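Asker: Using the sequences provided together with the hints, build the complete structure.
If you're matching them up, the sequences are chains L and W in order.
Be aware that the first sequence starts at 1, since it is given in this note's numbering, and climbs by one per residue.
Be aware that the second sequence starts at 489, since it is given in this note's numbering, and climbs by one per residue.
Since the hints were derived computationally from the structure, they do not count as laboratory data.
One or more of the hints may lead you astray.
As the list claims (entries may be wrong) - Computed cross-link-like contacts, BS3-like style, restricted to lysine-lysine with a CA-CA straight-line distance of at most 27 Å:
(1) LYS546/W - LYS235/L
(2) LYS571/W - LYS383/L
(3) LYS705/W - LYS627/W
(4) LYS826/W - LYS901/W
(5) LYS964/W - LYS873/W
(6) LYS546/W - LYS814/W
(7) LYS359/L - LYS679/W
(8) LYS627/W - LYS545/W
(9) LYS679/W - LYS545/W
(10) LYS782/W - LYS814/W
(11) LYS826/W - LYS782/W
(12) LYS545/W - LYS235/L
(13) LYS934/W - LYS899/W
(14) LYS41/L - LYS413/L
(15) LYS571/W - LYS380/L
To be verified - Under 8 Å between C-beta atoms, here's a sample of chain W residues computed to sit facing chain L:
(16) THR534
(17) GLY535
(18) LEU536
(19) LEU540
(20) ASP577
(21) GLY581
(22) PHE710
(23) SER750
(24) PRO766
(25) LEU768
(26) PRO769
(27) PRO770
Stated by the list, open to error - Computed list of chain W residues with no C-beta within reach of chain L, every gap over 10 Å:
(28) VAL542
(29) ASN572
(30) ARG699
(31) THR871
(32) GLU896
Note that the structure is predicted; figures quoted are calculated from it, not measured.
Ideal placement from N, C-alpha and C gives every residue a C-beta, glycine not left out.
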Amino acid sequence: MTGQFHTLPIHQIHQLLIDKKISSMELTQAMLRRAYEIDPKISSYVTITDDLALEQARQADDRIASGENITPLTGIPFALKDCISTRGVRTTCSSKILAEYVPQYSATVVNKLADAGAVLMGKTNMDEFGMGSSCENSAFVDTRNPWDLERVPGGSSGGSAAAVSASLCSFSLGEDTGGSVRMPAGFCNVTGIKPTYGRVSRYGLISLVSSFDCIGPMTRDVQDCAIVLEAIAGKDERDSTTFNSPVPQYHQDLNKSVKGMTIGIPKEYFVSGMEAGVESSIQEAIRTYEALGMKVREVSLPNTRYALPVYYLLLMAEASSNLARFDGTRFGLSVSENARDVIDIYLQTRREGFGDEVKRRIMLGAYALSSGYYDAYYLKAQKVRTLLRRDFETALASVDILLAPTSPTTAFKLGEKTNDPLEMYLSDIYVVATNPAGVPALALPCGFSKGMPVGMQLIGRHLDEQTLFQVGHAYQQVTDWHEQLPPI
Amino acid sequence: MTQTYEPVIGLEIHAELLTNSKMFCSCSADYGSAPEPNTLICPVCTGLPGALPVVNKKAVELAALVGLALNCSINPHNTFARKNYYYPDLPKGYQISQYELPIASNGYLDIPGDTENPQRVTVRRVHIEEDTAKLTHEKNHALVDFNRAGVPLLEIVSEPDMRNVEAALSYATRIRAILRYLEVNSGDMEKGVLRFEANISVRPSGSSELRTRTEIKNLNSFRALTRASAYEIERQIKVYEAGGEVVQETLGWDEARGVTVSQRGKEDAHDYRYFPEPDLPPLQLEPAWIASIKSLLPELPDAKTRRFMEQYELKRQEAILLTSEKPLADYFEAVVSKSRSSPKTIHSWIAGEFMRYMNDSELALENIDLPAEKFAQLIDMVTDKTVSGNSGKIVLNEMLKNGGVPQEIVKAKNLAQVSDTGFIQEAIEKILSDNPGEVEQYLAGKETIVQWLMGQVARSTKGKADPNVAKELLVKTMEKRRK
Chain L
1 MTGQFHTLPI HQIHQLLIDK KISSMELTQA MLRRAYEIDP KISSYVTITD DLALEQARQA
61 DDRIASGENI TPLTGIPFAL KDCISTRGVR TTCSSKILAE YVPQYSATVV NKLADAGAVL
121 MGKTNMDEFG MGSSCENSAF VDTRNPWDLE RVPGGSSGGS AAAVSASLCS FSLGEDTGGS
181 VRMPAGFCNV TGIKPTYGRV SRYGLISLVS SFDCIGPMTR DVQDCAIVLE AIAGKDERDS
241 TTFNSPVPQY HQDLNKSVKG MTIGIPKEYF VSGMEAGVES SIQEAIRTYE ALGMKVREVS
301 LPNTRYALPV YYLLLMAEAS SNLARFDGTR FGLSVSENAR DVIDIYLQTR REGFGDEVKR
361 RIMLGAYALS SGYYDAYYLK AQKVRTLLRR DFETALASVD ILLAPTSPTT AFKLGEKTND
421 PLEMYLSDIY VVATNPAGVP ALALPCGFSK GMPVGMQLIG RHLDEQTLFQ VGHAYQQVTD
481 WHEQLPPI
Chain W
489 MTQTYEPVIG LEIHAELLTN SKMFCSCSAD YGSAPEPNTL ICPVCTGLPG ALPVVNKKAV
549 ELAALVGLAL NCSINPHNTF ARKNYYYPDL PKGYQISQYE LPIASNGYLD IPGDTENPQR
609 VTVRRVHIEE DTAKLTHEKN HALVDFNRAG VPLLEIVSEP DMRNVEAALS YATRIRAILR
669 YLEVNSGDME KGVLRFEANI SVRPSGSSEL RTRTEIKNLN SFRALTRASA YEIERQIKVY
729 EAGGEVVQET LGWDEARGVT VSQRGKEDAH DYRYFPEPDL PPLQLEPAWI ASIKSLLPEL
789 PDAKTRRFME QYELKRQEAI LLTSEKPLAD YFEAVVSKSR SSPKTIHSWI AGEFMRYMND
849 SELALENIDL PAEKFAQLID MVTDKTVSGN SGKIVLNEML KNGGVPQEIV KAKNLAQVSD
909 TGFIQEAIEK ILSDNPGEVE QYLAGKETIV QWLMGQVARS TKGKADPNVA KELLVKTMEK
969 RRK
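Answerer: Here's what the structure looks like:
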């Protein structure tokens, strides 16, 4: 079978695979051909793992032929954000300092997907170490938005979003520290989830902010998102921050009615600075939900204005420590020419290896943690973090779910915000607060503004991904925004 | 009169914990047995990107046990923290430690003081951390062995409660004994499993001010602790005497030259930027769990000392000696339980000839193969006067060296003591006739000559004569000549 199967969602490809209408090998080969043909225009991949993909596709076909141990992901090609460790496959975080780094071990999520029989196509571009909102902070290349090559795909999981959007894989994994899955999902017309903190193991994920980082699937629709999260979630003995609670079978209850449920609209998110086309798409989505029998109510997240400073302060503090291990002595880049002592090696390696944004955040973070400033910055930010968490708890006590845009604008042009870090930080205004709070949020397409995709997010209670999927799926049953494909 | 000074000493003791695996990963912690460098390592303990720590439950148990043994309160909610600094022996660029909320705090330890009264040292805190890698410096580079990286380490911090080097030594010795009692640390200082850091200042005697202190790091033996502290106290006194000021700084100890050396520059005003470790949730210790750990506490040196004094009627110093090491205390009690002799007598044998042999042969108790039962039999033979004290020592040394049964050794070496007055009288008659001058002196009133004559008796009877019987006969025989 030929045709457009690379644009199909996982659940449809799965049916074709088990009906033997296509093989994983055919699918993978077609996907690889497409990646080699189209990706040079988009640059979503940092590394394409052809040999591994073909080998895994062959194994998946054997598995399907034998009829044993077939999972919904067996034979499905996927891509990984390049901050997720893959044994034997270089893992760069799109940084010069890790340009040649090949991990000795795989992340827990990678092992889970390999066990499920999924096929790894390659590793995707990102802002260096996840620091950025446009993918322009990659040390290697700027990823472009498949909907308009002059525009950014968002960040930091821009490569993962663009690869799904351009049908260069059936799904990808991104990583969301403060919107890094949801914001690019919105920019690229992709569905993506930031699960509850601790729902998915971080073992093998190169840490940006240990207490915010969440690996999440990026997919064509909500049903796929549920399928992938189910495969990667769960307690991991190697990650002490994962939850013990069992992983629900998310995809089974997707069709439950949403009638009578209540949506909360955080009033603080609808004040100013939102693009008209974004606001109208969101209002349209709210009307769609009302038509589905849901109640809508305004709620308040009173500490919203502190979300951005709290987020960036804690991010910089933790990141300054997390990035200390990149010292040129054991792995990755090591610049030791003319070094008089080990301090010289540290300085030279980090000077050459890290980009400007990374250096900026390390310096600010080290400052915020230093003695005399700790109480005023780090400690205060942690206290406000508690307030942010309570905001969500309070709001979600009276409604089932919150609805908000993923960003105030659609995808902006390359270079538009690179000279103004603060302007760039503001593009994350709607997505950052969930990470300090730990709650889950699902991003999904909800329209277009001047030809560019608009994303909305549904924010749920702690560990209640199920309701997010149910409400998101209900929307996608009556809309077709998520089925729109970029003109590439 | 010149000013006298009083030292103020606090100790930080780093003790590796005897767990099977490392603090935050499943690698073996037995780095001493590693065949080669960098063989007991994994992504976690080498700080590879993306690797995460997982707390070693056993290490937490052992840490709590030590905390309880040092009379600390165990904090039911305690947290790990990152101590950030760059050094090649620290793979992550930070050490996972405990900072604001350690596992145990506010304890104390009573140490044997100068007098019969013990002295109390406050234990400020006990916290868990991870050991660093081992650096081997070569000509123009250094080699890093990560086998030790991540081995669980306990830091025991005292208040500056010690006022002389002897007290510091006594405290350190007692901590080591307790760690060994608890079987959480081998106490093998040569292997670096126990390391000291001394904080020292001096002040005019009688003053209660706390003056600027210096910190001597990496003291790896009691000898180094004693010498370095004594040197540093003298050095600071000299600084004050010369009208100078002591500078707060970190010092190293140069064993060969016997001086403390400034490490400024290298350690230049560290700001460790501590913050809570986000990769590890706080440790929540339930009261029931703490109680179960407490129930594991063995009788500790202090309590044992008191019991020995009471139960065996020993003097304080005698009891302290016997309880310094648990195996020694156990051995003493085993001999007591198998012997008819008094505990006091048994103490004399153990503290005397037995420990002399241990010291001379440099053998640890566990390497000495003398069943308590045989030692008890030998002591009882001396008590019963079947052999003399001196012969007993010969038999003991023979058993320690070559094993054997005391009765057979006595027979083989013909050491049995006799109280046969005829045999002894015969020997005395001969000695008196051979030494008429000494008899004269005795009769002239020089009674001390008896000791010398007793020596002659012992020699001529090869130690077999019961000294009490012999002395009586000797005096009686000479007194007869007075008439």
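Asker: Compare the structure with each hint and give your call.
Answerer: Hints, verified against the model:
1. LYS546/W - LYS235/L: holds (21 Å)
2. LYS571/W - LYS383/L: Since the Cα atoms of LYS571/W and LYS383/L sit roughly 21 Å apart, the hinted pair holds (cutoff 27 Å).
3. LYS705/W - LYS627/W: holds (24 Å)
4. LYS826/W - LYS901/W: holds (25 Å)
5. LYS964/W - LYS873/W: holds (21 Å)
6. LYS546/W - LYS814/W: With Cα atoms ~22 Å apart, LYS546/W and LYS814/W stay inside 27 Å; holds.
7. LYS359/L - LYS679/W: With Cα atoms ~41 Å apart, LYS359/L and LYS679/W exceed 27 Å; violated.
8. LYS627/W - LYS545/W: Between LYS627/W and LYS545/W the Cα gap is close to 41 Å, so the pair fails against 27 Å, i.e. violated.
9. LYS679/W - LYS545/W: holds (24 Å)
10. LYS782/W - LYS814/W: holds (19 Å)
11. LYS826/W - LYS782/W: Distance ~32 Å between LYS826/W and LYS782/W Cα, so the pair is violated.
12. LYS545/W - LYS235/L: holds (18 Å)
13. LYS934/W - LYS899/W: Roughly 38 Å between the alpha carbons, so the hint for LYS934/W and LYS899/W is violated.
14. LYS41/L - LYS413/L: Judged against 27 Å, a Cα distance of about 16 Å means the pair holds.
15. LYS571/W - LYS380/L: holds (20 Å)
16. THR534: holds (6 Å)
17. GLY535: holds (5 Å)
18. LEU536: Holds: closest Cβ of chain L sits about 7 Å from LEU536/W, inside 8 Å.
19. LEU540: Status holds, d = 5 Å.
20. ASP577: Nearest chain L Cβ about 10 Å off; hint violated.
21. GLY581: holds (2 Å)
22. PHE710: Violated - the Cβ of PHE710/W stays beyond 8 Å from chain L, reaching only about 33 Å at its closest.
23. SER750: Cβ of SER750/W sits 18 Å from chain L, so the hint is violated.
24. PRO766: holds (4 Å)
25. LEU768: holds (5 Å)
26. PRO769: holds (6 Å)
27. PRO770: Because about 11 Å separates PRO770/W from the closest Cβ in chain L, which is outside the 8 Å limit, the hint is violated.
28. VAL542: Non-interface label on VAL542/W violated, nearest chain L Cβ at 5 Å vs cutoff 10 Å.
29. ASN572: ASN572/W not clear of chain L: closest Cβ-Cβ about 5 Å, inside 10 Å.
30. ARG699: Holds, because the least Cβ-Cβ distance between ARG699/W and chain L comes to about 23 Å, which exceeds 10 Å.
31. THR871: holds (62 Å)
32. GLU896: Consistent with the label, GLU896/W stays out of reach of chain L, its closest Cβ about 60 Å off (over 10 Å).
In summary, the numbered hints that this structure violates are 7, 8, 11, 13, 20, 22, 23, 27, 28 and 29.
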